[in-house]
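So the sequences go chain by chain: S and C.
Using this note's numbering, read the first sequence as starting at 1 and increasing by one per residue.
Using this note's numbering, read the second sequence as starting at 1 and increasing by one per residue.
Check each hint, because a few of them may be wrong.
Some chain S residues judged to face chain C by a derived CB distance under 7 Å, without partners named [as the list claims (entries may be wrong)]:
#	residue
1	4
2	56
3	221
4	245
Calculated directly from the structure, the hints in this document are not laboratory data.
For each residue, glycine too, the CB sits at the ideal point set by N, CA and C.
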Amino acid sequence: MTENLYQPILMRVADVRDEAPEVRTFRLQFADDADRARFFEKYRVGMFGLYGVPGAGESVFCVASPPTRQEYIECTFRRTGRVTSALADREVGQPITFRGPYGNSFPIESWRGKNILFVAGGIALPPLRSVIWNLLDRRAEFRDITILYGARTVADLVYKQELADWGARSDVRLVTTVDPGGETPDWKGQIGFVPTVLDQVAPSSAEAVALVCGPPIMIKFSLPVLTKLGFTPDHTYTTLENRMKCGLGHCGRCNVGSTYVCRDGPVFTLDQLRRMQTTDM
Amino acid sequence: MKVIEANKLPGLAAALAGAGYRVVAPIRDGGEVRMVVWSPGAAIDTRAIPVNSAKDFLFPKAEIIGRCTLDGNDFRPEDVKPVAPKTVILAARPCDASAMLLLDAVFNWDYKDEFFNARRAATTIVSLVCTTADEQCFCTSVGGAPDATAGADGVLRQADGGRSFILEPLTEKGKAVAAAAGAALAEGQAKADAPVEVPVHFDAKAVTEWLGENFESPLWREVSLACLSCGACAYACPTCHCFDLQDEATRAESVRLRNWDTCGLALFTAHAGGHNPRPDQAARWRQRVMHKFSYLVERLGRLGCTGCGRCARLCPAGMAICETCREIDEARKAAVK
Numbered sequence: 001m002t003e004n005l006y007q008p009i010l011m012r013v014a015d016v017r018d019e020a021p022e023v024r025t026f027r028l029q030f031a032d033d034a035d036r037a038r039f040f041e042k043y044r045v046g047m048f049g050l051y052g053v054p055g056a057g058e059s060v061f062c063v064a065s066p067p068t069r070q071e072y073i074e075c076t077f078r079r080t081g082r083v084t085s086a087l088a089d090r091e092v093g094q095p096i097t098f099r100g101p102y103g104n105s106f107p108i109e110s111w112r113g114k115n116i117l118f119v120a121g122g123i124a125l126p127p128l129r130s131v132i133w134n135l136l137d138r139r140a141e142f143r144d145i146t147i148l149y150g151a152r153t154v155a156d157l158v159y160k161q162e163l164a165d166w167g168a169r170s171d172v173r174l175v176t177t178v179d180p181g182g183e184t185p186d187w188k189g190q191i192g193f194v195p196t197v198l199d200q201v202a203p204s205s206a207e208a209v210a211l212v213c214g215p216p217i218m219i220k221f222s223l224p225v226l227t228k229l230g231f232t233p234d235h236t237y238t239t240l241e242n243r244m245k246c247g248l249g250h251c252g253r254c255n256v257g258s259t260y261v262c263r264d265g266p267v268f269t270l271d272q273l274r275r276m277q278t279t280d281m
Numbered sequence: 001m002k003v004i005e006a007n008k009l010p011g012l013a014a015a016l017a018g019a020g021y022r023v024v025a026p027i028r029d030g031g032e033v034r035m036v037v038w039s040p041g042a043a044i045d046t047r048a049i050p051v052n053s054a055k056d057f058l059f060p061k062a063e064i065i066g067r068c069t070l071d072g073n074d075f076r077p078e079d080v081k082p083v084a085p086k087t088v089i090l091a092a093r094p095c096d097a098s099a100m101l102l103l104d105a106v107f108n109w110d111y112k113d114e115f116f117n118a119r120r121a122a123t124t125i126v127s128l129v130c131t132t133a134d135e136q137c138f139c140t141s142v143g144g145a146p147d148a149t150a151g152a153d154g155v156l157r158q159a160d161g162g163r164s165f166i167l168e169p170l171t172e173k174g175k176a177v178a179a180a181a182g183a184a185l186a187e188g189q190a191k192a193d194a195p196v197e198v199p200v201h202f203d204a205k206a207v208t209e210w211l212g213e214n215f216e217s218p219l220w221r222e223v224s225l226a227c228l229s230c231g232a233c234a235y236a237c238p239t240c241h242c243f244d245l246q247d248e249a250t251r252a253e254s255v256r257l258r259n260w261d262t263c264g265l266a267l268f269t270a271h272a273g274g275h276n277p278r279p280d281q282a283a284r285w286r287q288r289v290m291h292k293f294s295y296l297v298e299r300l301g302r303l304g305c306t307g308c309g310r311c312a313r314l315c316p317a318g319m320a321i322c323e324t325c326r327e328i329d330e331a332r333k334a335a336v337k
């Protein structure tokens, strides 16, 4: 007899960090070391998990930490509904349930020796943060790393400490921006929408791949800029985040046309996205 | 051949129940015939098409797939095993039996679902050759037939003008049921009645082809206008398999339930942040038709419709997927001309 696919493992909240209003990061430790070993055998950046509280249910978030750090995993989420509220109420030392990792991953091994551009907006930095740290932990294998990150307001920027760390590194080019009106008097970054700033920063597309994650409106207006800069659709990546329940390709709700986001994704190239029936997104 | 008089079907059910089977059969209760667990005294009715499908006994409406013992803020996940009693489904319609093959594919195309598989392994399906049909039946339009045996372990054929039935085992499971029936089945001769004729209403291959090119068609809005978004079509459907996971808890224990769900409901794809990728009933009805006649064909090589017609019989707004497919087929023919 096969195992129960829905049987979660136990994780303990090891650290809680508030990132932005209602946005929280958990560092989670595996209660059982055998579970930890099983997880990291499969885990690659881009994959997601189902995080749960018994009695409330499960929610899908990406794993926001890289496989180069095998003592824990991290996830970042916004308190929005029943499950995310129950999760946000968990304190250090308390358990949560976890299933995963599920889904496909970013093909980072094929990016060795290349320049990497990250374009992220708002709460969509977490799915790219795992990739960023994965590349930084193996820094010598990749060439220029450029990160463009924007949010509505300064308060809405997540991972503020890490942004400061990345900004201080000489081997990372970090550009942060906030929407006009979202700046504070002491804001040192750019002011402007992500697509506009991307146009100004104009990173080279030579020997490069681009990863874009953000609200649909940001992606919509960033793609033409990337095209103008010379990034081809097969070298431009994003992640889709449809509502899911099982993560196993059975429950039937995350599909975009015939594509199951949970099994075929969540990572897609722009090329793949264009071939999908996109009004389902 | 194994033969049983028509009025002795309850005797067959009793013999199988005596042999340890949970016996599911079409039972008349008041004005309705439903597939339910047989109990002594229940009236088996093979003439009417049951309101519900045999799917209910392999993929139940609600099922516990997780359990935790709670202790304040702490908890412990417990093992949950599938509930899979040895079952025989007697006189399942061929459209229900063939639906099992689609469910097999869905629950095993990638990850293997032990809850479904355990019940599937414990279940024997004895289908009934249809000698009755109604105007909603369209199995012959989707590759089925009133006397098809796909997905069945055995088949019951009405014989001698309805006076008796022939039971013909098709698989080892079917032979085990015939053996367990013992004296309820007699060795004898009977002449099988002709299956009912079901007219072909549309060309399913043509529908699949049209769907591939018409994601953005005005048809979706037109055909979905009547839809009340009640979900009855999906709940009666032998192949619909979409589900929700929901937790329920007391202070001492929580359970995680797998409940039927359907793409016809607005909340099905609604994101927590407010965005809904299928924002209106046209998008949802399109998903229903596309899933059955295009996506499943592409992904699993099977139609997600067996032509049972239950969705149309139950729809309070008079909608019918057969009608939609016929319109599509006609639209395609008109376009070719």
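Given residue 221 of chain S as an interface hint, is the shortest Cβ-Cβ distance to chain C below 7 Å? violated, 17 Å
Verify the interface restraint on residue 4 of chain S: the C-beta must sit less than 7 Å from at least one C-beta of chain C. holds, 6 Å
Going by Cβ atoms only, is residue 56 of chain S closer than 7 Å to chain C? holds, 6 Å
Hint check: is the beta carbon of residue 245 of chain S less than 7 Å from a beta carbon of chain C? At about 5 Å, which falls below the 7 Å cut-off, the nearest Cβ of chain C leaves the hint on residue 245 of chain S intact, so it holds.
In this structure, only the earlier hint numbered 3 is contradicted, and the remaining ones agree with it.
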